[in-house]
Every structure is written in structure tokens, then in C-alpha cells.
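Trainee: The lines below spell out each chain.
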Amino acid sequence: MIAETVFNQGFEVEGGDFVRGGEASCRILEILKELAFPPSIVRRAGIAAYEAEMNIVMYADDGGLELTVTPDRIVIVVADRGQGIPDIELAMRDGYSTATDEIREMGFGAGMGLPNIKKNSDEMKISSTLGEGTRVEIVIKANHGEVRCEDSRPCAES
Amino acid sequence: MRIPDHALRVDPARCTGCVECTRACPAKAIRVRDNVAQVLPERCIDCGECYRVCPQRAIVPVTTTHTDVSTFKYKVALPSPALYSQFGPSTLPEDVLQALLSLGFDLAYDKAYACELVFADVKSYIEENYAGEPFISPVCPAVTRLIQLMFPALTGQILPFRPPREVAAKAIKADVTGRLNIPEDEIGVIHITPCLAKLAAMINPPTAERSSLDGAVGISEVYGSMLVALKQAKSDRKARSMHHSSGAGIGFGRAGGEVADLGIEETLAVSGVMDTIKILKDLERGKLRHIKYLECQICPGGCIGGPLTVQNRFIASNTITEFVKLFGARPDIEDMMKAGGHEREHFRLSKAILPAAIPPLDADTSFAIGKMRLREDIFRKLPGKNCAACGAPDCMTLADDIVRGHAKIEDCVFIRADGRSE
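Each protein sequence line maps, in turn, to chains A and B.
At position 3 of the first sequence (counting the first as 1) the number is 3 in the numbering used here, and the numbers step up by one without a gap.
At position 15 of the second sequence (counting the first as 1) the number is 15 in the numbering used here, and the numbers step up by one without a gap.
No wet-lab data here; the hints were simulated from the structure.
Only a predicted model underlies this, so the values are computations on that prediction, with no experimental measurement involved.
Each residue gets a CB set at the ideal place from its N, CA and C atoms; glycine is no exception.
Don't take every hint at face value.
Residues from chain A that keep clear of chain B, each with C-beta distances beyond 10 Å, as calculated [to be verified]: (1) 16; (2) 39; (3) 71; (4) 82; (5) 88; (6) 92; (7) 96; (8) 100; (9) 129; (10) 139.
Think about it this way: if two alpha-carbon atoms lie no more than 30 Å apart in a straight line, the pair counts; the simulated DSSO-like pairs of lysine-lysine are [to be verified]: (11) 278/B - 351/B; (12) 231/B - 325/B; (13) 325/B - 234/B; (14) 73/B - 231/B; (15) 123/B - 231/B; (16) 351/B - 338/B; (17) 170/B - 73/B; (18) 118/A - 281/B; (19) 408/B - 385/B; (20) 170/B - 351/B; (21) 123/B - 278/B; (22) 287/B - 123/B; (23) 123/B - 73/B; (24) 141/A - 125/A; (25) 141/A - 281/B; (26) 278/B - 119/A; (27) 141/A - 278/B; (28) 338/B - 170/B; (29) 234/B - 119/A; (30) 287/B - 125/A; (31) 287/B - 119/A; (32) 28/B - 278/B; (33) 287/B - 351/B; (34) 123/B - 325/B; (35) 118/A - 123/B; (36) 28/B - 287/B; (37) 281/B - 28/B; (38) 278/B - 170/B; (39) 338/B - 381/B; (40) 287/B - 141/A.
In isolation and in its complexed conformation, chain A is listed as follows (with noise of 0.2 Å):
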């Protein structure tokens, strides 16, 4: 069963296609529930999948999601063609934002993405090289026995 107990899929997601955006990180929730992981868990790779698949969407010509699960650790890869960020450090920073005015109209933009995908995941990476792209790795770990969530209500029990 060795071999067997790693689950990986890829998602094409397209720069500017708001109406299919999201559709992956529906799809890795699905996933995920059906692997038994808990809500808690589920939830908080749902959220940073979204986030980093609607980075691609606003910020990039088109990109894809990688998810590798093993029974301790869900793996999303994101990697992006695309602009490219210049100053990581400053994009990490709660609120800060380069988005147009048309995608904040939309609701997006808030500045909240880079901090929300490292406030929901337990590892996370990011490299960019400008005018090529963006890889950032989310890692949450599934084996540590107190359920984590750093929302301000309480995870729903798992």
C-alpha cells in the first residue's frame, strides 16, 4: 500500500478568468474531505488554495495548482507565469496590495492574500523572479494532534 498512499492532481487556472477562478480550490476541498482529513484542516487548506489560486487569476497570465497528499501532509504547489513579485517582504504585509482599482470593485485586492495563505498553512515558500513568475509552496501538516486554527472564532470540532 506504500505506493499507493500519495494522491496527486494538477488544476490549470487562467490569468483573468474571474468566472472559472476558484474552481480548483472548490475541487481540492472536495478532494480533501473525501481523504477523511478533518474540517478544521480542510478548511484552512481550502482557504489558502483560494487565495493562491485567485492570485494567479488577478495578478498573472495563467498558472496551475499542484495538490500531493500523503496522510500527514497536504502539499498545494502554486506556480504562476506572470509578473512577478518584486519585494516579497512588503507583499507579505497585511494589506498591502498592488491591485487595480477594478479588481478591489470586485472585492479582491485587499492586501490579504500573501498573509492569509501563511496565516492558514504550517509551512509556506515563495520564490518569484520578475517578469517570469511565482512559485509559492503550501504546506499544512495533518498529524499534529490539537487541531490549529488562528481565526478569531473557534475551529468547528473535527
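Following the hints, complete the assembly by docking chain B onto the known chain A.
Mentor: Leaving out everything else, chain B in the frame of chain A:
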């Protein structure tokens, strides 16, 4: 036979196995086996979509019968505010309540009043307890069940209030027992319901709390006799005192009624099963950050769009608009609490609503991963036409059923045909 824990049955004599219900079911809870629709009780959310679409009328609501009602010594009708919307604006709530009495009920209780009473308290609860995540309405039982099954992480966000119908039923029993000295078990509180979900929630409550209701009769089932009784009730209009609700309470009969009554700015009202699923998916992914209260109703347009209503829901909505104007704003909560001798703790759930998630592919993630990979392999072999001829609503669901051991790949007509030709 009734589907366990639910308020419907499939009539095998009428069902032709046409798969209309299978495809319409938003919970993917119906399979056609041996040419008869089968409802999977652990997946059904009681939305009634199958009942709406069945061309053979083979999906039958299992409501409370006349005989069941007559076993109670004291019979109380508790009509959904949606009932008021069914007969046009010239038929007043008073008339409707009076007509219910002539149908044989000893008391007709204005449930709309319980709605505005409970929600007056909900408003202050939200203001005191909001902590960054929206509260979800506890009123529509199909929504509660949908959340328990498909959005287990959100169950903690369902407002910990008893639905107004339960608050009303409990209060009525206490009142009748006190006033008339009739034991509680001889009082039957019967909900006059626009849907199957209310009855299902009585049979199988979302918490460990027992329901205070004793049965439910569909609006469509009493509609004919109501028309006759209303004629008499309207010709004989005298000062009566059964109708207490303001426009606010009557507004609960349709979508948006709860948020209109709350009068809080950061609220959202959604109705219809697909739109409800969509908004819950948004909520699950952290999209609704600025909303304090989310009203969701499984039926389009709210209770007036329920599968057991008769009137066109847009016409019904006009009638409600008239009543909202006519009966105005609700009184101050403190006055209402004092007048009725109510206590806030009666409004609150004593037990938590717990998730009842659809079982994962396997309780052990390692095995679940193996099964998911297997499911992908099976899915790739299927034709992808989503024809539902196998009895499952689509190819992915058939693959899922196969992995869970409930179906086999030969159930697919295309696979069978290929097998024969080889």
C-alpha cells in the same frame, strides 16, 4: 415505505426509473436500481427537488395523516407564515387562523409572531457575539442538514438558536398545560408546512434535542378545505385575537425576511438550493469576511417557494409585501418578552449542532488515497456522457459508488455494450 429519517417515500408502482430525480438531486442522493428510484437516507437533505421534478408523482411526501392528528386530545395548528401568502391580500392572517379552527384544530397559533420574537433576540445575540465569521440562519432545516453533511466545518457557525417553530411549539404546550390542565402528551402541535424538511427535522432533529412538534401537514394538503373554510371565516369577520404578528414576522415567509427584520447592515440573504451551495462554498473558502449574518433558504424565494405550496411564489411574494406594509414594524423586544412571559434561554439551543459529514472514501486517509486513485482509474474508463442510465446521476458518481462497493462497472450501459461486441 418511508425513507428512514426522512419525510418521503418512493411509490414503486408509479416509478418508471426515468432518472429525472436522480439528475435533479443536488445532494446526489438518489440512484435508480432495478428501475426504481432509491433515496440514500444518509445523503438526502430533504430539499424536495425530486418531488418537484418527478413526472410520475412517484415521490410521495409522508406527512401527518388526519388519523394521526385526531389521536391528540388537543390539536394545535402552527402555520408557516408562507400559508398567509397563499390566498391573496384580501385574505388576512386572521381569516387563515380562523379557517384552521374550522378544519378541526382547537387552537391556531400565529407562528409569524414567534419568528419576530425569536429574531428580536437574535439581533442582540449577533451584536454581542460576532467575532469575524458570519452566523448562519438556523431556520431552514434543509440548510442545516446540507451544512452538516457537505460543509461540516461550518456547523459551528449555525446560530445556536432553536428555530421559531420549535420555540412556539414548546411555549404552546406549556401554556395549554397551564391553562387547561391538559397533559403535554395529549397536545398535538401540527406544523402547516410548505416543505418536507420541517417534518424530516422532527423525525431526525439536527441536535440531540427532541422536537416539540408532533407532526406536519403540507399546505397543499389543506389548501382545498382551507378555501371552503375561508369563505365562512371571511363572511363572519369579527374581532378576534389570534393574529399578533407584525409585518416583520409575516415577512419570514419569504427570502430576505430574516435579514429585513434584523436590520443589521452586514447581512446576506440567499435562496434556492444551488445558490445556497454556492454561497456556502464561498464561505468555506473565506470569501464572506464582512458578513455578520447569512440567511439561507433551500427553496427559491424562501418558504413561499416550498414544494408543498400552491400559489405561484411571485404572486405569494406580492401578498407578503402587502401584509408587511399593512401590519408594519414589530414592537420592542422587551415589551414582547414581558407580555408573553418569555425567557431568552428558551430561544437558545441546549445542545450543539454537530457535523454529520458524508463518509469519506475511507476513514483511514491512506486507504482513502488508494481508493481515490482507483476511482480516477475507473472514471477514465467510463464514457463521460453523464447519461445516468446506470442509475447514478453521472459518471463520477458511478465511479464513486463502485469504489465504495455499491455498484459495478458493468452497470454502465456503454461498458456493457462494448463487452458484448468484443
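Trainee: Indicate, hint by hint, whether the structure satisfies it.
Mentor: A quick look at each hint next to the structure:
no.	hint	result
1	16	holds (19 Å)
2	39	violated (3 Å)
3	71	violated (4 Å)
4	82	holds (22 Å)
5	88	holds (22 Å)
6	92	holds (18 Å)
7	96	holds (17 Å)
8	100	holds (20 Å)
9	129	holds (28 Å)
10	139	holds (16 Å)
11	278/B - 351/B	holds (28 Å)
12	231/B - 325/B	holds (24 Å)
13	325/B - 234/B	holds (21 Å)
14	73/B - 231/B	holds (27 Å)
15	123/B - 231/B	violated (39 Å)
16	351/B - 338/B	holds (26 Å)
17	170/B - 73/B	holds (17 Å)
18	118/A - 281/B	holds (21 Å)
19	408/B - 385/B	holds (17 Å)
20	170/B - 351/B	holds (16 Å)
21	123/B - 278/B	holds (25 Å)
22	287/B - 123/B	holds (23 Å)
23	123/B - 73/B	violated (37 Å)
24	141/A - 125/A	holds (14 Å)
25	141/A - 281/B	holds (22 Å)
26	278/B - 119/A	holds (24 Å)
27	141/A - 278/B	holds (27 Å)
28	338/B - 170/B	holds (17 Å)
29	234/B - 119/A	violated (63 Å)
30	287/B - 125/A	holds (23 Å)
31	287/B - 119/A	holds (15 Å)
32	28/B - 278/B	holds (16 Å)
33	287/B - 351/B	holds (28 Å)
34	123/B - 325/B	holds (22 Å)
35	118/A - 123/B	violated (34 Å)
36	28/B - 287/B	holds (25 Å)
37	281/B - 28/B	holds (17 Å)
38	278/B - 170/B	violated (34 Å)
39	338/B - 381/B	violated (67 Å)
40	287/B - 141/A	holds (23 Å)
Violated hints, listed in ascending order, are 2, 3, 15, 23, 29, 35, 38, 39; each of the other numbered hints is respected by the structure.
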